Structures are given as C-alpha cells and as structure tokens.
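Q: One letter stands for each residue in the lines below.
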Amino acid sequence: MQLDNLYQEVILDHYKNPQNKKLSANYDAQVHHVNPSCGDEIDLNITVKDGVVEAITWDGVGCSISQASVSILTDLLIGKTITDAYKIYDEFVALMQSKGTVEGNEDLLEDAVALAGVSKYPARIKCALLGWMAFKDASVQAQAK
Amino acid sequence: MQLDNLYQEVILDHYKNPQNKKLSANYDAQVHHVNPSCGDEIDLNITVKDGVVEAITWDGVGCSISQASVSILTDLLIGKTITDAYKIYDEFVALMQSKGTVEGNEDLLEDAVALAGVSKYPARIKCALLGWMAFKDASVQAQAK
Amino acid sequence: MAFDAVAIRADFPIFDRKIRDGKRLVYLDSGATSQKPNVVIDAESNFYRLHNAAAHRGAHQLAEEATEAIESARQVVSEFIGGQEDEIVFTKSSTEALNLLAYSIGSAPKGNKFHLSAGDEIVVSEMEHHANLIPWQQLAARTGAVLKWFEVTPEGRLDLSDINSVITTKTKIVALTHQSNVLGTINLLDELVKRTHDVGAVFILDACQSVPHMPVNVVELDIDFLAFSGHKAVGPTGVGVLWGRSNLLAELPPFLFGGSMIESVTMTDATWAPAPRKFEPGVPNMAQIVGLGEAVKYLSKIGMPAIHNHEIELTKYAIANMAAIDSLRVVGPLDTNMRGGAVSFTLGEIHPHDLGQFLDDAGIAVRTGHHCAWPLTRKMGVPATTRASFYLYNTLDDIDQLCTSILAAQKYFG
Amino acid sequence: MAFDAVAIRADFPIFDRKIRDGKRLVYLDSGATSQKPNVVIDAESNFYRLHNAAAHRGAHQLAEEATEAIESARQVVSEFIGGQEDEIVFTKSSTEALNLLAYSIGSAPKGNKFHLSAGDEIVVSEMEHHANLIPWQQLAARTGAVLKWFEVTPEGRLDLSDINSVITTKTKIVALTHQSNVLGTINLLDELVKRTHDVGAVFILDACQSVPHMPVNVVELDIDFLAFSGHKAVGPTGVGVLWGRSNLLAELPPFLFGGSMIESVTMTDATWAPAPRKFEPGVPNMAQIVGLGEAVKYLSKIGMPAIHNHEIELTKYAIANMAAIDSLRVVGPLDTNMRGGAVSFTLGEIHPHDLGQFLDDAGIAVRTGHHCAWPLTRKMGVPATTRASFYLYNTLDDIDQLCTSILAAQKYFG
Ligand SMILES: Cc1ncc(COP(=O)(O)O)c(C=O)c1O
Ligand SMILES: Cc1ncc(COP(=O)(O)O)c(C=O)c1O
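Chains as they are written, first to last, in full-length UniProt numbering: chain A, 1 to 145; chain B, 1 to 145; chain C, 1 to 414; chain D, 1 to 414.
Accuracy of the hints is not assured; some may be wrong.
As the list claims (entries may be wrong) - Derived pair list, reagent style DSS-like, types lysine-lysine, alpha-carbon separation capped at 27 Å:
(1) D:K379 - B:K126
(2) B:K16 - D:K411
(3) B:K21 - D:K379
(4) D:K23 - B:K120
To be verified - Listed next, with one range per pair, are the computed distances between beta-carbon atoms:
(5) D:V219 - C:T168: 54 to 60 Å
(6) D:R20 - C:K194: 52 to 58 Å
(7) C:D198 - B:A94: 37 to 43 Å
(8) B:D107 - D:N38: 52 to 58 Å
Read the hints as simulated data drawn from the structure, not as lab findings. The model shown is predicted, which means the values in this text are computed figures rather than measured ones. Think of the CB as a built atom: it goes at the ideal place given N, C-alpha and C, for glycine as much as any other residue.
Isolated chain A (complex conformation) (with noise of 0.2 Å):
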C-alpha cells in the first residue's frame, strides 16, 4: 500500500503516544499557530537557556501528521544547541519541499525521516511543518527576550 510510505510505523506511534503534549506552567516563550485550510491548531512553549533549547511542551489539534510531526520534534530537539536545531529544522523543511527526491539524513533528523513521504503529498506539508514554524518562531521569540 502506497499509503504506508506516508503512514509508516514511528508516525502512527507518535500519533498514538504524542510526547510532551502538556502544555508547562513556564516558558520563555508562548506561541499559537494555525494551519486556515484544514484549521488544525497548535500551542507551543519553549525555554530557552544558555543556547540550549532546555524544554518544548504543546497541546492542538491535528492530523496524524501534524501530531506526530510536533512530537518527534520535541523528542528531537529538546537538549539540542539552538544552533543544531536550527540545522535540524533547515534539513527537515528542505526534506519536506523535496518533492520525495531525498531520503533525508538520518544522522541529522533521526526518527523525522519517517516523514518523508510527506513530501509527496503537497497538501500535507502544512501539516507535518505546523510544529515546526511553532518551534522557530517560539525559539526566535525566546532568544529576543
């Protein structure tokens, strides 16, 4: 089934068992994002400390993808220098506008090549990017404070 390159096995467990989808009590910063065509919705808070992304909760609304896609990312980037992070973000928005031409590298985005295929289905790269704009524009916001 085509599909299962879109669903694979990380994505639906994610989805399943979304990771830090608790919103904290404090944060640096606070931000909502929305995706207008489907109206999934996301909270995100992100502290920031020394460079270092020290925490990232959130709660919304969404698709498989776009759950899964925020709970891998906190998974992935909690711990991370802002400055990795930001490479890791750079590599995952060029995997996701990537048409399905590149695998994505695993070094770098671990379980987040997992979405891969998402970047063969145009209409789905809002969502698996929801989380992700979250996380930039939060973390930008955090280090302006």
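Got chain A sorted already, so can you dock chains B, C and D with the ligands onto it with the hints?
A: Structure of chains B, C and D with the ligands alone, referenced to chain A:
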C-alpha cells in the same frame, strides 16, 4: 458584393444628402442621444401639434447607417400623426431585430426598408436605431408638455 | 427514460483516468467543484478555434459571432433560473457576485434604495460559506451597519424561531445560502423572503449549492438577487452568475469600472450603460460564458428534477449505510427532507485529514476541513469534518466503495 | 532561426476558417483580443479532462494536481515578467486587477502606507484606457483625493514638460499605461518612475498592451504594480494578472472576500492569509490560469524581443503604406521609435464604422470607435478612429490587403 445589401443606394444617397439636418430654433422637445460603443451622437428637435409631427430637425456625427437612418426617418415621419408615426417606429424596430428574416413592410416603411440589410449585422443595429430612439424619446417629451 | 448515472459518466472524460496507480476515480467532491462533460470542454475550445474576438467591440464577423455566442448563453442561463435576459450579470464566480453586491450596496449614495446608514441591519446565518459572510462583515464595518445572523440547530437546520427579532424593520439586507455546502441542509425560503419583503429589505440567495443540483426559479422564490458559480454546475472555471431583478440592477451602482460599462467618459467623470453591461467592464470571460451556456443546456436536457431525485436517492443510501458504521457521526440532517447531497461526518478520533488521505489512496476524492464555513464547523462542535458530496455522475457503487474504505480506514488508524 | 509569422499562424486554428463567404481571415484586432494557439486551447481542455478539482482544497490526488498546475503557472508567469512567484495575483482581467488596486487602496486605514486623505493626488494620463481611468476617478471621488493627469501632445506622446507639477509631494499614486491601445505610443518610464518614487508615491503600470508584445521586466522598470490580461497575450479569456512588490502586497488590504483568502474567521471578524492568497478568494479560474501559463511559455519560446521586432517591422511597413493613401491620417506617432503595433487612423470623411464594415466584408478584422479611451479620441480631435493592431501571426501580406481594401473603400463611399 454582400455589402451592397447593407449599403443600398438609398442609404448612401441620404448619407451624402441628409434631410432636415439643421437644428431648428424652435421645438417642443430637444434630446441628445449617444451610442457609447462607437461615440456616435445626435441632437434632435421635434414639434408636435394636435397629435401630428410638425417638424423634426437634427444634427449629429455618425456613420452612414446612423446618418441615413435619421434622414430617412425625418422624411417619413414629418406630417404623420403620432399614432401612425409610432406604428412605423414599431415596424422599423421589429425589422431591425429580425436578423434578416423579414423584408419589412414597404407600404409603411417606404425608404426605410432599405435599412433591412442592417438587421443582419448585429453591431450596426444600434447605428440604425440611434435616430429612432431619439425620435421616440423626444416625441414622448413633446406630448408630455 | 430512467436516470442513468453510468451513461452520464461516459460524458465526463475525467472518469477515463485512473487514480493512485490504477484505481477507479470515485469523485465525491462535487461540492467543491464539479467535473465537466465533453460538450462543455468542446464549447470552450470551439469558441477559441472558430469565433474568438472581443464581444461587443468591433463590427467584424468574428466580433459579431463572439457577441452572439455570449448573448445566447445569457439567454439560456436566464431561462434556466427563470429570470430575464438582461437580469443576468456574468462574473468570474459567485464569490465575485456576492462581493459585487456588497461593494455596490456600500457605494449607494443617500437617496438610493440600497444606501446603508449606521444602525441598519444585515442578516446572514451561521451556515454561510465565507463568501457569503465576510463580504457582509466588511460592509457592516465600512458603513456602521450591524451584522446579525440566524443560528443553526444541533440537527443542522436554520433556527427560525426568532425570525421577527432577527429580521426587523432595521434590516436592509438578508443574505442566505440556499443549501449548506457542509450540512446539505436546504433552507425553506418562503417565510424568510416574506418577512424580508415585509420589512422592505432585499433578499440575496447564495445558490452555489442549489442551482447545480435542483430546479431553482427566481420568480417562484420571489427573491431579489441570486449568485452561483459555473464550475459547480458542470461548467467552466472562471465564470459565475449574478441574477438580480431588473429594477434593482438598474438602481444598484456599478462595481468594477472600465471599458464597455459606460455611457460616456471624460477625464473627470463617467456615466453608466444600463444593466447588465454596467456590471461587466472589460473584455468578458467569453469562452467561459459560452461553456456555461452549454453546461446549463446539458443539465436542462437531463432535467433538474431528475438530477435532484438522483441525488436524494444517493444521499438516502449514503446516510443509511454510514449510520451503520461504528463511531461515525453525520454532521447535518439525517433525513432527506429539504436536504441535498453533501454529507459531512466525523469518524471517532480519526482526523478528517487522515481519513481523506486514506480514501484518496483508494481512489476516492472527498474534502476535509472546515469547507470555508469555519463558524459553522465550530458551532457544530467539531474541528473539521470529512465531506462526501454527490452529483449526477455518482452511483450507489461509489457510496459502497466509500463505506468499505471508511471501515478499512478504521482498521488502519485504529 | 528567423522569425516566421507564416509558420506561427499554423499554430492558431482560427486561421483555418474563412470569413464572409470564403475570404481569408486578416485579423488586425489583436489590440482588442489575441487569437489562441493550439497549445493554449489544449491546456485548458486537458486540465478539465485530466486534473480538474478545486485547487488548494482537499487532499486527494486531483486536488494536488490542480494545485500543482496553477502554482506552476504562477511561477512561469512570474519569471516571464521578472517578478517573484508570490507576487503574482491571478484575477479575471486587467480591468479587475486595476479595480482591485483602487478598491484596496481605498480601504486602507489610517497608518497604512496606502491610506488616502482628501487633497492627496492621483496621477493618470489622457491616453489611459477606461480601465485605468474610471477606477481612479471613483477612488478620488470616494476619498476626496484629486485626480490629475499628463496631457498628450498632437504627435501622440505624453507631455512630460510639467512632470514636476503633475507629480508632486502630494501625489500618492501614479497609474499609467505602458503602451497606448489607440496611439501605439510606448511610454518611456524611467523619469516617471523616478519622480514617483522621489515623492514617495507608488507607480502602477497598465501593461495590457506591452506585456504581450515586448519584453517587460518589473525589476528593471523599478515599478510597484503591473496589470495585464491573458486574452491579449495568446492566453485564455477570463484570466488576468496583478503583479505587486511583495512588501506592498503584504501591506495592501484585501479586495474580494471569501474562501481560501483567510487565516481565521468568526461570525463577526476575519483575518487574512498572506499574499497572493489574500487576493484570490474562491475556487480559482484554474483552467484559465493553466492556459495562461502555456501562453506565456509559448511566447517565451518564440521570444519577446523577436515578437517585438516583428511588430515594429509590420508597423513601419504599415505606416509607410498608409501614409501614401490620400486623406488618410494616422492618429499617433509616425515613427516606430518607442511605438508598438497599434495603428489608428481616419480616412477623410468616411466614418470608421463604415470603413470597418467594408474591411470586414473583405475578411479584414479591425476595430472602430473610441477604443475605450474616449477622452483620448476627443483630445486627438476625432470622433472615432479605425484601428489596425498587429501581433506575431500577422504578415506583410495582411497589411497589403488592408491598404488595398482601404483604397477600395474610398471608391465605394467616395
Ligand atoms: C491599455 C489597456 N488597458 C486595459 C485594458 C482592459 O483589459 P481587459 O478588458 O482585458 O480587462 C485594455 C484592453 O481592452 C487595454 O488595451
Ligand atoms: C455555498 C457556497 N457559497 C459560495 C461558494 C463560493 O463559490 P466560488 O468559490 O465558486 O466563488 C461556495 C463554493 O465554494 C459555496 O459552496
């Protein structure tokens, strides 16, 4: 030449020697009509007395069809009762809208039947009708006085 | 002759193609846009191949033919909805038609019937498509008018219990959808139109989801304006219709300004041609108008009552079969009384986007999301729905395939 | 490869038909609308046959393909004029594009760069098409802004001698045509754009008659907005383009309101998606956008410089031959320096309508009248003109036939 159906002798004659083309100083009603799609314009004066069209004079710029049509109109309607004039008017409008399917009642329309060919050229119908619309408008105003 | 959806499908070339590696196309997204029969596609092509020229401009043969082509389409469209020829304004879409009304009304000077003052009221409903909501929000904001609305009941019907306090003597405009693109609900207009006229307001009907699917007659409905889009009515993209009573079109100020809508122009001022020209500046979307004329002829030949009955049959079958699916909730009326063939639903915890993707993989095209009626989805208490919408080329088979795939999706995401 | 107009004609199926009982079609009315090559006609048809679905809505394969189709057309169009992809707004026509600007500017609130106050100035010229004149008249009337204009010299050139008193520190908008659809005059923009920007105003270019006929690059011209129509550029009817600098599109308020242009919507309020979406509500004119993409590719392949040169050659030949005709007066520049292929003229006392009809009878399509630039024809001291306008498929033969028939008309009406 197909075109000769449109540009009958009579039309070209009236075009070159337009009748009653000089605005009278006195009138019961004066109207100004334009054809916005080509910029043709006409001023028309009318005098109606005891239900009879006593005088029609006009001035204007326009193509041979519009000029000839109003010239023929003046020849035809001056001296007629309003009732007869409107009969002729209705017949003429119907002829113009006939898309070439009728020849026109020559007893009623006289020289104006020469304009029958216009009805096959939709874009020119307005040219032929410009003076007639002005007449109708003016005559209504004159009677309302 | 019995209605034969399979024969009808043969008129629509897109059904010859395959989806996702060889699957049959099950197109259940006609609520978004309909497919096009060959006659419509060919009408557009043939216009370009044989008659293309600027209509209403130039006295040459091609220009005459182009003019004749669009004007005869105007006649066909006017007959289709029971209006007069010069009451048909061609726009690019119903979105433009509704915005035209909002802008033109907004520019009506004092003394004009349409003039709005602060405190005047505009009435819509909670089930409006954004295209029949935001233009009125904006008009209200510009003029100080107050936007009011009818609520929607949990069953997905307009709540008319307060009709006299929603439509009041302050009301100037009532703009409502004929059929909800989300719920499938068809609104019974009689009482609404009567009340609107009793208070001296104008009634505007968003007929996007009704004109393509059922007989609609503007005179019988006694409404004042109506809008629909060609592309939802087996017609081309890029063409819509605004119908208005001729005396109202005569009074309404123009919207877009440019060539061919004028009577006279100087550097500082301009006056207008009579309607419909007043509302159609520029070289028209001629090929699309011609295509729409063909579309309407095609629908008329099959017959709007027959199309409507077919859709009711499909809807009845769909709702019955979907209701049998565990944790499937139909968002909208469950009976087919005053209801058309748009069936929105949720499926337990499975997000519509995921369900839609799964169905797509099976060759089934549905729409997911808020369907450009976000306030309505919110009101119905769902973040989004999946919508299957039916048209003349759909069959019971299509619905069987939908239900089978919904069950498979439950397993997949379960 | 040499430019081969005869080979190009073969791409345009309309030239296979006959006019007025068997005559060859001599189409000299491309200024009104251009003919369409097979690739464009087929692109529209194929969209309907294979990919038709509502773009940007729904996650099914057809919707993906439809989205891809219009977005790749957006890219092609942006490259064609040297803009960025997200700076291209698809409209139904340049008339709509120019009205969009006028309405959106008119609704800019205080504090917005585009906000107009009483006494602000809007500058146009006497050679504007109604589509780039009346919207600004209306905007001025609505806001209390003052409409000013550049005059046209007897030779048919913009009179820039007073440039600094026409464009002043009060000027907020300068909206000018790139090429006059009546005179053929191409306006040199450098000084105008510089002065416009020096006073902090925005420069809007009506490129209806330039983009189809010569290379136009928005970055090189340093302009702020540009509008053109697909149907004059071998593209479909029903599609136009508004290009705007991305920072300006971001600041400009939206125009038409409806689906897919929003970020969020409640019953009382809405916020907007980023441009270009903000300006494209509703299901787009998809097949036409796709056709326009093909049109632009077709023109690019032949090459805009080559097309422009061909037209200059035709124009030079036409003016030389027409000047030799007794009592024929060309209304517009007589040299081909900064001049395109629209040649308007009068012929003694013969009314353009009669001449046009005579030419039509010989198979020659021209336009007669004021060409939607009534103030200009008045200024040039003529009630109307006959216009022959050239494009890539015209040949010297076409012009010979025109001149021969003009002479015959003189005899006929003489
Ligand atoms: C210079 C100019 N501007 C604007 C327009 C209006 O174009 P459209 O009718 O395609 O909107 C035209 C064409 O008629 C034109 O020649
Ligand atoms: C009820 C309703 N109104 C308005 C619209 C807007 O139609 P369009 O996008 O064709 O302008 C739609 C379709 O999306 C609709 O379903």
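Q: Run every hint past the structure and note whether it holds.
A: These are the hints, each one checked on the structure:
1. Taking the CA atoms of D:K379 and B:K126, the gap is near 25 Å; set against the 27 Å cutoff, the hint holds.
2. Straight-line distance between C-alpha atoms of B:K16 and D:K411 comes to about 14 Å, which keeps the hinted pair within the 27 Å bound.
3. Among the hinted pairs, B:K21 with D:K379 is consistent with the structure: their alpha-carbon atoms are about 26 Å apart, no more than 27 Å.
4. As the CA atoms of D:K23 and B:K120 are separated by approximately 18 Å, the hinted pair is consistent with the 27 Å bound.
5. The given range of 54 to 60 Å is respected by D:V219 and C:T168, whose C-beta atoms sit roughly 55 Å from each other.
6. For the pair D:R20 and C:K194, the supplied restraint of 52 to 58 Å holds, since their beta-carbon distance comes to about 55 Å.
7. The given range of 37 to 43 Å is respected by C:D198 and B:A94, whose C-beta atoms sit roughly 42 Å from each other.
8. One distance hint, 52 to 58 Å for the beta-carbon pair B:D107 and D:N38, holds here, with the actual separation near 54 Å.
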